[in-house]
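Number of protein chains: 2
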Amino acid sequence: MNRDEVRITKFKHPYVTVDCVVFGFDEGDLKIILIQRANAPFKNKWALPGGFVRLNESLEQAAIRELKEETGIKDVFLEQLYTFGRVGRDPRTRVITVAYYALVNRTGHLITAATDAKTADWFLVKQLPMLAFDHQTIIDTALTRLRGKVRYEPIGFELLPEKFTLSRLQHLYEVILERNLDKRNFRKKILSMKLLIALNEREKDVAHRAAQLYKFDAQKYKELKRRGFNFEI
Amino acid sequence: MNRDEVRITKFKHPYVTVDCVVFGFDEGDLKIILIQRANAPFKNKWALPGGFVRLNESLEQAAIRELKEETGIKDVFLEQLYTFGRVGRDPRTRVITVAYYALVNRTGHLITAATDAKTADWFLVKQLPMLAFDHQTIIDTALTRLRGKVRYEPIGFELLPEKFTLSRLQHLYEVILERNLDKRNFRKKILSMKLLIALNEREKDVAHRAAQLYKFDAQKYKELKRRGFNFEI
DNA sequence: TCAAAAGTGTTCTTGATACACCCATGC
DNA sequence: GCATGGGTGTATCAAGAACACTTTTGA
Numbered sequence: 002m003n004r005d006e007v008r009i010t011k012f013k014h015p016y017v018t019v020d021c022v023v024f025g026f027d028e029g030d031l032k033i034i035l036i037q038r039a040n041a042p043f044k045n046k047w048a049l050p051g052g053f054v055r056l057n058e059s060l061e062q063a064a065i066r067e068l069k070e071e072t073g074i075k076d077v078f079l080e081q082l083y084t085f086g087r088v089g090r091d092p093r094t095r096v097i098t099v100a101y102y103a104l105v106n107r108t109g110h111l112i113t114a115a116t117d118a119k120t121a122d123w124f125l126v127k128q129l130p131m132l133a134f135d136h137q138t139i140i141d142t143a144l145t146r147l148r149g150k151v152r153y154e155p156i157g158f159e160l161l162p163e164k165f166t167l168s169r170l171q172h173l174y175e176v177i178l179e180r181n182l183d184k185r186n187f188r189k190k191i192l193s194m195k196l197l198i199a200l201n202e203r204e205k206d207v208a209h210r211a212a213q214l215y216k217f218d219a220q221k222y223k224e225l226k227r228r229g230f231n232f233e234i
Numbered sequence: 002m003n004r005d006e007v008r009i010t011k012f013k014h015p016y017v018t019v020d021c022v023v024f025g026f027d028e029g030d031l032k033i034i035l036i037q038r039a040n041a042p043f044k045n046k047w048a049l050p051g052g053f054v055r056l057n058e059s060l061e062q063a064a065i066r067e068l069k070e071e072t073g074i075k076d077v078f079l080e081q082l083y084t085f086g087r088v089g090r091d092p093r094t095r096v097i098t099v100a101y102y103a104l105v106n107r108t109g110h111l112i113t114a115a116t117d118a119k120t121a122d123w124f125l126v127k128q129l130p131m132l133a134f135d136h137q138t139i140i141d142t143a144l145t146r147l148r149g150k151v152r153y154e155p156i157g158f159e160l161l162p163e164k165f166t167l168s169r170l171q172h173l174y175e176v177i178l179e180r181n182l183d184k185r186n187f188r189k190k191i192l193s194m195k196l197l198i199a200l201n202e203r204e205k206d207v208a209h210r211a212a213q214l215y216k217f218d219a220q221k222y223k224e225l226k227r228r229g230f231n232f233e234i
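Top line first, the protein sequences correspond to chains A and B. Number 129 in my numbering belongs to position 128 of the first sequence; there are no gaps in the numbering. Number 166 in my numbering belongs to position 165 of the second sequence; there are no gaps in the numbering.
The hints are simulated quantities; they were obtained by calculation from the structure and are not laboratory data. Treat the hints with caution; some may be incorrect.
The list makes no distinction among identical chains, and a pair is therefore deemed to hold if it is satisfied within one copy or across any two copies.
Unchecked claim - Below 30 Å or equal to it, Euclidean Cα-Cα: the simulated DSS-like pairs (lysine-lysine) are:
id, residue 1, residue 2
1, Lys44, Lys205
2, Lys46, Lys189
3, Lys189, Lys216
4, Lys11, Lys46
5, Lys13, Lys75
6, Lys223, Lys13
7, Lys46, Lys164
Computed from a predicted model, the values in this text were never measured in an experiment.
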C-alpha cells in the first residue's frame, strides 16, 4: 500500500487523537493534570487530557482546543512530544495519538470546571494513580524530554510566575533534574547570561530576609539566540 | 469531541502515513533518498519514501516496511522525527504523516529496484529538486535533528562503513555541522573517549600514506552510557 | 622527488567545581 | 535574640582552542 497506488475514497484507517502532558510547578513540586474518565474504556480511570483530531484543524490546534475544553487552560507553552501508535494501545480500535507537552505557571492557570463535568486535577509526578491506555508511557517520555530540554533551552521559566526569586528558580531545576545544585555557582552561571532582569521589588510576607525578584528577558534571549548564543545550565 | 464521548463506529477521520528521510554519506557528501511519484497528485515529482499505515502494524513497522518496499533498504538506524498534520498538506484529503529519519552506510545499502518500478535515487542534500507535499519541510526538520543529535549521541557512525579512518569521521562531522574542525583536537577528543577500536588494518589503494582503520565499539558505549557517560563532540 | 594526506604535543584561556560565612527580616 | 533563608568571592582543576612540522606512501 504505497501512497501512489492508493485511491483515497474509503479504506479502513487508524483514528488519530492528541494527548497533552501538562506540567506545573507548585509548592515546590512538579505536577501534571489528569482527567477522570466518565466512560468506557477505562471508565473512572485517570487519563491525560486529549481527544480526537478533527478534519479541519491541525494537530497543534487540536491540542490547544482539547486543553481548553477539558482543563480551561490556554495560552501556554506547548510542544509536540512524540507519536504513539502501538497496535492495541486502545482496546476499541486502532488509535494513534500525537502527544504534546505543556508548561504552565500554576498561579495563572487554576483549573476551571471542564465543560463536560469530568473531573480534572493536579497530581504529583511522583505519585500518579494507575492510568488509562499507555498514558504512563507518554508521561515517562515527557519527563525525559523535560529533563533533557530544560538544560539547554530556557523553558524552565514557563513553569514559574512572571516574577520569581533565584532560589525558586534553582529549586525548580533541582526538582526537574533530581539533583542538588550549588547556590553560588548556580547564581553565577544564571546571572552571567544576562537574561534576567532584576526588578525593583522583593518577595513579600516571608519570615526571613525578602529575596530579590527577577523576570526572564524573553526578547533578549530571542535576539541572543539568533546570534548563536546557547542557553545552558 | 472528547475521547470519552465518541462512539467509535464510523466517523470521518484523518488518514495516516509514514515518511522516511534516509540519510547517506557518500563521496564526502550528505545525501538522501527520493522516490519519483508515478501517480497524481504530484505525478512525476520527487518525494520521500513512505505510505499509509496499516491497521495491524505499528508506526515503526510501517516505516520499516515502506523503506524496504520502496528502496530495498533494511536493518538500519531508524528514529521517529516529528508528526506533520497541517490541514491541506495533501490535496486529496486530510492526511497526517509521522516522519522518521534513517541513517545508512551507503556501501552496505545500494538501492535495489523498487518493487513497483518507481524510481528511487540519491540526491545531494544541498541540491534537492522540487518536492511533493510538505516534504521539503520534513527534510529541513530532519537536518536540524541530525545536526543536533550528532553532537551528543554517537549516531555519526551509522553513516560510515564498519571500518573507517579518523579523517573520514572528521569529514563526516564537518559536512553535517557545516564547519571545520581542528584535526589534532578532533583526534584527541574522539580517542580520549576510548570508544574506537584500532584495527590491525590500514586503508588500501590510496596515493598517500595509508591511514589507520578503526571501528566503533557499540558494546562499550552501551555500557558506558548505562553508567552515566555522555558522548559529546 | 614530489604530491598528498597521516600523524603527533604544548601552551594558553576559559569555564566548572568546591567551599563558608555574614546579612536582613519577621516573629 | 533567634531562626530562616538571602546573598556573596576565591582558589583549584579540567577541558577547549589555537597552532606547525615531520612521516609515510604511491605515482
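Going through the hints against the structure:
In this assembly of identical chains, the alpha carbons of Lys44 and Lys205 never lie at most 30 Å apart, being 45 Å within a copy and 67 Å across copies at closest. In this assembly of identical chains, the alpha carbons of Lys46 and Lys189 never lie at most 30 Å apart, being 46 Å within a copy and 55 Å across copies at closest. In this assembly of identical chains, the alpha carbons of Lys189 and Lys216 lie at most 30 Å apart only when taken from the same copy (16 Å versus 42 Å across copies). For the homomeric pair Lys11 and Lys46, the shortest alpha-carbon distance between copies (25 Å) is at most 30 Å, but the shortest distance inside one copy (34 Å) is not.
Taking the shortest Cα distances, Lys13 and Lys75 sit within 30 Å of each other only across copies (27 Å), while inside one copy they are farther apart (34 Å). Taking CA atoms no more than 30 Å apart as the test, Lys223 paired with Lys13 passes in neither setting, with 45 Å inside one copy and 41 Å between copies. Proximity of Lys46 to Lys164 under the C-alpha cut-off of 30 Å is found in neither arrangement, the shortest distances being 37 Å within a copy and 53 Å between copies.
Of the numbered hints listed earlier, those contradicted by the structure are 1, 2, 6, 7.
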